Amino acid sequence: MSEDLLSEYKAYYSVRAEKYAGNKNYSFSYEAEKALSNAMQSCGKLEEFRTAIGDLNERCAVALVKDEAVMEREHFRKHKEDVRIKASLEILDKADQFNEVMNLITMVNEAYNRNMLEITADEAHRQLYHDWDLVDRIDIYTQAVVPDKYKKDMLATAEHYRKSLRQNAEGLTKEILKYVPEWRMDPEKVKEFRNRRLCPFADHHIEEQLRKYKEIINA
Amino acid sequence: MPIDAFILNAMLDPFRNMVEDCKKNQVSGPDFDKMCATLARLEALGQEQSDINTFNGMVMQENLYGLFSDYYGRALSAQAKQKQTEAGEGAYDDAYLLKQCVDALKQAIVRLRESYEAALEEAKGKKVHQQMEAGMDYFGRTGDQKIIAAGGGIEAMKKRTGKDMDQEQKERPNVYDSTAEVEALQNPEPLIGPIQDLIDLGEQPGMTLPRFLREQIERGLDKAAEGTSVARGAWEYHYEIAEVLKVSPHEIEKHRKKLEVFQTMAAAAPFGVPMAREVQWAMDDVDREFEPSIIRWNKMRDYMESLLDDLHFWSLSYCSFAPYLMPWSLSEDPVAATVFTQNTQPGIFREREKLWKKYFGLEFMDIFKHEIFKWEVVHSKFQYSQQFTVFMIEKLYEQCRPMNHLSRDMISERENFFGFRGRPDYETNPDILIPGQRWQEFYNRKFGAGRYESKYKAAEKGNWQAAPWNLESFSYGK
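Protein chains in written order, with this note's numbering: chain X, 1 to 219; chain H, 1001 to 1478.
Because the hints were derived from the structure by calculation, they are not lab data. Computed from a predicted structure; not experimentally measured. Quick reminder that beta carbons are idealized off the backbone N, C-alpha and C, glycines included. Careful: at least some of the hints might be erroneous.
[Said to hold, decoys possible] Which chain H residues face chain X? A few, computed with CB under 8 Å, are given here: (1) Pro1210; (2) Glu1278; (3) Trp1281; (4) Pro1292; (5) Thr1344.
Excised from the complex, chain X in its bound form:
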């Protein structure tokens, strides 16, 4: 019975390793599972596995975390997501230090939590893209040709939009500071690839709008 069980365990660990065979996205997992399987194959009795296993099971968990972090890193590298990539970089930097699964999970969760705050702080710099139309409306109401008696009202409307822009920037800063102390808006970041890709306008339009926006919100 014990011999049957031993050969069944050997078969199981062999199949477990082969699950990742040929998949370049899971190369660490394949190597780790292979090492675990080899440890099992080396046993003459089932009880020997308690010693032979060592920390090989934990190494499989680390390998899986690394494989998934590599996929994430490569994905964000391809898309020039310079902030979102940080979680996977941190995980890959630290993963090999862990030989206890719960601590590994804790490290991964902490990395993603930190990164969520970094993403929040980063994407808040996109505010110009949300307020683009407000900047345009200031120009529309300032430049629109109207009879003289209505000019004052038009300029008042333009001023209202100017005030809204400033309030939006101030309000955003106040809220982001609750998550990320010492955050300060840097509108220039809208030009960075990960933000720029979301704007349908030409580069020179962005430069022009950015100049106007920074002047209005005193950035």
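Please build the complex by placing chain H on the supplied structure of chain X, with the hints as guidance.
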């Protein structure tokens, strides 16, 4: 002042329930103590802070949700290890371990079904009055007191809303019932099937743990139980919705491609179930591929609508009944408000026209040749009739310039387009309800014949007398 209980309870109840579950299951030890301490910290912050964003910010900076989850996992793991130690050598008994695996799978099915039943119960809408009153009480505590006073006070508002809800329910019996939708969209049986297959495998006579673990890999049952196999249904559903809504060809193509990518990955994967992470990044690739064209399309459509709405709005302000229409009727002096529009809208329109040219290199007349305009017309999403559109192009566009006004004849012609107080309306696209009908047909296909009508009010057809669009006869599109 603490975060209002209405908001705080919704956020913290799941964590409170997890602590209670642990107590019920006699989980204990240092990790459980830390879990309780983390919840205590959440509760304390909820009492100390009055602003929800400040609360959330502190929770995120201290990683309280992450810590809670971490301690929870450790506490359960510690309990499992404790039970193993108590079982002694018995814990390594193959049959015992196999039974533990199978029991865990059975528990998973129980939990899936319990969640589904809870969702169905919630979907019956039996608590809608209670929920409405709780929401109103929250508004009463935190909302603008002037608005509340203008509404007669919260109790009066609750009473009125309650009466309206009862009336709605008489007219549309399923207005607050979403059980059919939950049954169609959240039925766990497709997920349960593969899990049951695993249980059946585990309970085969003579089954051992290693053989159970090996066969589930060899037969793909482990992958099936992850749920990725039911994801195909989700991609199909989103593609169907995109085809019904017809927001843009890019949206439709995006969803079509996502489904195609999933099918390709499934075909190449062992047992037809691709790895979840690989699917996640492949789908993100598709989203990013289409995002720029979707954003550009939507922005251009907004500009087009703005320009045409300017012409519509400006010319309407001249009509004799304009002071009775919003937004002018909301003004202290509605007539003066219409005069203001007459004098300022042309200047605004011409500045918007300059932006249209600046950003997209297009003239006003290019709107009507553009694929976006044609898409909107073909799919009955364009709000104006062909007749009114031609009037805007041929008569209003040229007249809408600073310091210029519509002639008496043109005002008269304009007035005849607008269906004031039941008169025939020639400015609205008579097919404008077709998108809603498309949605209604889709809805009834998905959730049962007549379901839409039993929940939602039918859009009212106005006295729309314009002829339907015929792009072939529209010379400005060529």
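Verification of the supplied hints:
The beta carbon of Pro1210/H comes within 4 Å of a beta carbon in chain X, closer than 8 Å, and the hint placing it at the interface holds. At its closest, the beta carbon of Glu1278/H sits 6 Å from a beta carbon of chain X; the interface hint therefore holds under the 8 Å criterion. A cut of 8 Å between beta carbons decides the hint on Trp1281/H: the least distance to chain X is about 5 Å, and the hint holds. Taken as an interface hint, Pro1292/H checks out: its beta carbon lies about 6 Å from the nearest beta carbon of chain X, inside 8 Å.
Restraint check, Thr1344/H versus chain X: the minimum CB separation of about 5 Å is within 8 Å; hint holds.
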